[in-house]
Structures are given as structure tokens and as C-alpha cells.
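S.K.: First to last, the sequence lines map onto chains A and B.
Taken in order, the first sequence gives residues 2 to 216; the numbers are from the working numbering.
Taken in order, the second sequence gives residues 2 to 216; the numbers are from the working numbering.
Just so you know, these hints were derived from the structure itself, not from any lab.
A portion of the hints provided could be inaccurate.
No copy labels: a pair is met if it fits in one copy or bridges any two.
[As the list claims (entries may be wrong)] No farther apart than 35 Å at their CA atoms in a straight line, the calculated lysine-lysine pairs in the DSBU-like style are these:
1) Lys190 to Lys63
2) Lys181 to Lys206
3) Lys63 to Lys139
4) Lys142 to Lys131
5) Lys139 to Lys123
6) Lys155 to Lys206
7) Lys37 to Lys5
Protein chains: 2
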Amino acid sequence: MVVKVYGPDYGSPKRVILCLIEKEIDYETVDVDLFKGEHRSPQYLQLQPFGVLPVIEDGDYKLYESRAIIRYYAEKYKSQGSELLGKTIEERGLIEQWLDVEAHNFQPPLYDLVVQLLINPKMGVASDPKRIQEDEEKLAKTLDVYEERLSVSKYLASDAFSLADLSHIPFSNYLMTTLKKEYLIRERKNVSRWWDDISSRPSWKKVLELHPPVL
Amino acid sequence: MVVKVYGPDYGSPKRVILCLIEKEIDYETVDVDLFKGEHRSPQYLQLQPFGVLPVIEDGDYKLYESRAIIRYYAEKYKSQGSELLGKTIEERGLIEQWLDVEAHNFQPPLYDLVVQLLINPKMGVASDPKRIQEDEEKLAKTLDVYEERLSVSKYLASDAFSLADLSHIPFSNYLMTTLKKEYLIRERKNVSRWWDDISSRPSWKKVLELHPPVL
Numbered sequence: 002m003v004v005k006v007y008g009p010d011y012g013s014p015k016r017v018i019l020c021l022i023e024k025e026i027d028y029e030t031v032d033v034d035l036f037k038g039e040h041r042s043p044q045y046l047q048l049q050p051f052g053v054l055p056v057i058e059d060g061d062y063k064l065y066e067s068r069a070i071i072r073y074y075a076e077k078y079k080s081q082g083s084e085l086l087g088k089t090i091e092e093r094g095l096i097e098q099w100l101d102v103e104a105h106n107f108q109p110p111l112y113d114l115v116v117q118l119l120i121n122p123k124m125g126v127a128s129d130p131k132r133i134q135e136d137e138e139k140l141a142k143t144l145d146v147y148e149e150r151l152s153v154s155k156y157l158a159s160d161a162f163s164l165a166d167l168s169h170i171p172f173s174n175y176l177m178t179t180l181k182k183e184y185l186i187r188e189r190k191n192v193s194r195w196w197d198d199i200s201s202r203p204s205w206k207k208v209l210e211l212h213p214p215v216l
Numbered sequence: 002m003v004v005k006v007y008g009p010d011y012g013s014p015k016r017v018i019l020c021l022i023e024k025e026i027d028y029e030t031v032d033v034d035l036f037k038g039e040h041r042s043p044q045y046l047q048l049q050p051f052g053v054l055p056v057i058e059d060g061d062y063k064l065y066e067s068r069a070i071i072r073y074y075a076e077k078y079k080s081q082g083s084e085l086l087g088k089t090i091e092e093r094g095l096i097e098q099w100l101d102v103e104a105h106n107f108q109p110p111l112y113d114l115v116v117q118l119l120i121n122p123k124m125g126v127a128s129d130p131k132r133i134q135e136d137e138e139k140l141a142k143t144l145d146v147y148e149e150r151l152s153v154s155k156y157l158a159s160d161a162f163s164l165a166d167l168s169h170i171p172f173s174n175y176l177m178t179t180l181k182k183e184y185l186i187r188e189r190k191n192v193s194r195w196w197d198d199i200s201s202r203p204s205w206k207k208v209l210e211l212h213p214p215v216l
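Bound conformation, chain A alone (with noise of 0.2 Å):
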């Protein structure tokens, strides 16, 4: 059964087609395109009630938020492919630290700077500067937090790369691209060695070049 993943346009939904390489599961995609509103059709929500990407199908198994869905097929797949959950339950556990660090203290003001700088342009709504001045701020303290952890740590929960770093590459990657917000990155060189690292996986190079970001 090829698992099919719906959005592979977007940030979230790249997180899981990444996994899903790292694992060498096989995989379809299902364009949903938010500018139409696809995400609000009746068919969409029936598979995602809060109207957000992604979610995906695999036979008849359904499951959305991405991050539960890249703990799923790690675990699924354990022996396949990378090893992204750790050799150890402690060694897990710290995964999932920084897992939840990510989608609560990384990728909130990220998205908000995604949403300011890249959507709302293309919608014709108004940017709020203040909000994008608050959001480079939030993520520039975490930024500091990982930048201490990183000088004692190759990846964010051990030495070794896991889903905790996985998961912050699709929306860094707006952060060194679009956003062109390198700086973030580049002034913290533990962060920015851990950035090159993770961002020249060939997984995450095969993601680009599959499924091109259209933001």
C-alpha cells in the first residue's frame, strides 16, 4: 500500500515527505492548493476537520498533524531506513523534548513570519511589522537556546540526527530562501554548522527538487 500524502506544496507537509524518504517508504501526493481554498472543500475536511495540512491516507488508516505522523512511520519502520527515534528510551524521550521545543517555540513565530511576508502579499492583505518584529525576536531567543545546546551537541537531541532536527528543516529552509531571514541562522555558528548539516541531507535535496516550495 503506497502511503498518499496531501499537500507536498507546503512547509508541514514536507516534513513528512522527508521522513517518508528517510525511511524509504514508498509514496503518492495529493495537490491541495490553500489559494483556492481547497483545504475548506467538504472532501478535504472530511479527512482533516480543522481544515490544515497535511494528512495522509494509508489504506485505510488516516492520520494528520504532521509530527504525529513522522512518529508513526519512524516507529512503524524502525529497522528501515535512518533510525530517526533513538537507540534508548532516554535517548527518545530527549527527541521528543525537542521535538515539542520546535513545534511550540520554532515554528510559531516562523509560520507567523510565513504568513506576514509570503501569504499575505499574495492574498492582498495588509503585514503587520510589529507582529514581524515580535516573531524575529521569539525565534531569535529560541534561536540562542539552540545555539548553547548545539555547541555541546552535534544534533539537537544527541549525536546523532533525529526527528527532532528533521522536523525544523521545511520551515528553516523559507527562513535561508524566501523569507530572507539567513541571518538568524548565520549569526549563531553552531546553529548555522547544524543548518549546513542537516539541510545537505540528500533526503531533504530530493524533497526540493520533487516537490519545488511554491512560497
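Add chain B to chain A, keeping to what the hints say.
M.R.: Chain B alone, transformed into the frame defined by chain A:
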């Protein structure tokens, strides 16, 4: 080794304590007074660099982010106390999905209501009626999805109580008590039935008895 939980007075650390009681794991608590700024002390920031609650110490092992902590203990003591992570990988997938829905769609507006209506008045800070209204609207939309889900499933992820349900208890308790927003639960038949069920567990009664909420 007894698990040390920081900040038992508040909502997120209660998520951890509730899980430890369900799993029959001994713990002790360390008070952290947010109103005295103790979460900003250099000692606390050594343990939790973002300055938020909770954090645990278990011998040399330290972990933060409440949902990472409950996943860790539910996994580590899988066969002890209540089963909270499901019987299959697919069930765990759905538990992870609803844990992330709680973290992204339920907790943020509810946490902001706690700030606006319970914390700000104590700090002499004015509350923002527009934000309060927006928070209630967001929470209502989330609970509409829950109502639908709970019309076909006894608990959020399956017919068995899990971490996904547990994670909702401490902050829902504010809704039903000091926030005086019972209507959000009571106007929804299945959400109301679910709340009565999960909040009447002996574990939660014990948490309230041992660590009465300060908010």
C-alpha cells in the same frame, strides 16, 4: 530513584503528575513560584532554558516539555499502571495525533484565557477583551471537532483512555472552575460526557487533593 517534578502548583506540571500517578511512579515536587519570578532564576534556567514549567529530574536524567515527559514515562513503564499509549502502533499514531491537536488547537487559546483572566489580574495587568473573545471562539471551534469525534468514539484516540485524554485534564479544569467557562464543555453533549468521565478518575482527584491549583 524518585522523580522530581518542578512546579506542581500549575497546569502543565499537573499533566506530568497525573501521568506519574496513573503509572504508579513515585515522585516528589519542588515548588516554583511564578509570581516571584522563580522560573527566571539562573538555577531554574540551567534546568529549563526557556524558563517555563515543568521540568523533571530523574537521577541524572533531565527532561522538559510536559508532553515529552508523559510520553517518556508511559513508554518506560509500559506494563505498569494504566496503559496510556495504546495496544498497537496504529493506536499510538492516533494518540499522538490527538496529543498534538491538544497542544496546537486546544491549549493555546485556553492558556491565553488563563493569562488574561487569572494571571493578569493578579499581576495588576489589564486584560484584553478582544483577545478573550477570540480565544473563546477558537476554543469553541476546536470543541466542535471534539464533539463530532466523541460522538463515535468513547475517548479521543479510541475506546480506551490514553495520554491524549489525560493531557486535556489540568487546563480543562480551569475552564470548569476559576475561568467560569463551563458552558464551552456543557453545551456539547459528548464533550460533557467525556469530561465527566476523565475528570472523575481517582488519579485526577488525587492530584487536586495533593496539589490544589493556585489559579
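S.K.: Which of the numbered hints are not met once you compare them with the structure shown?
M.R.: none
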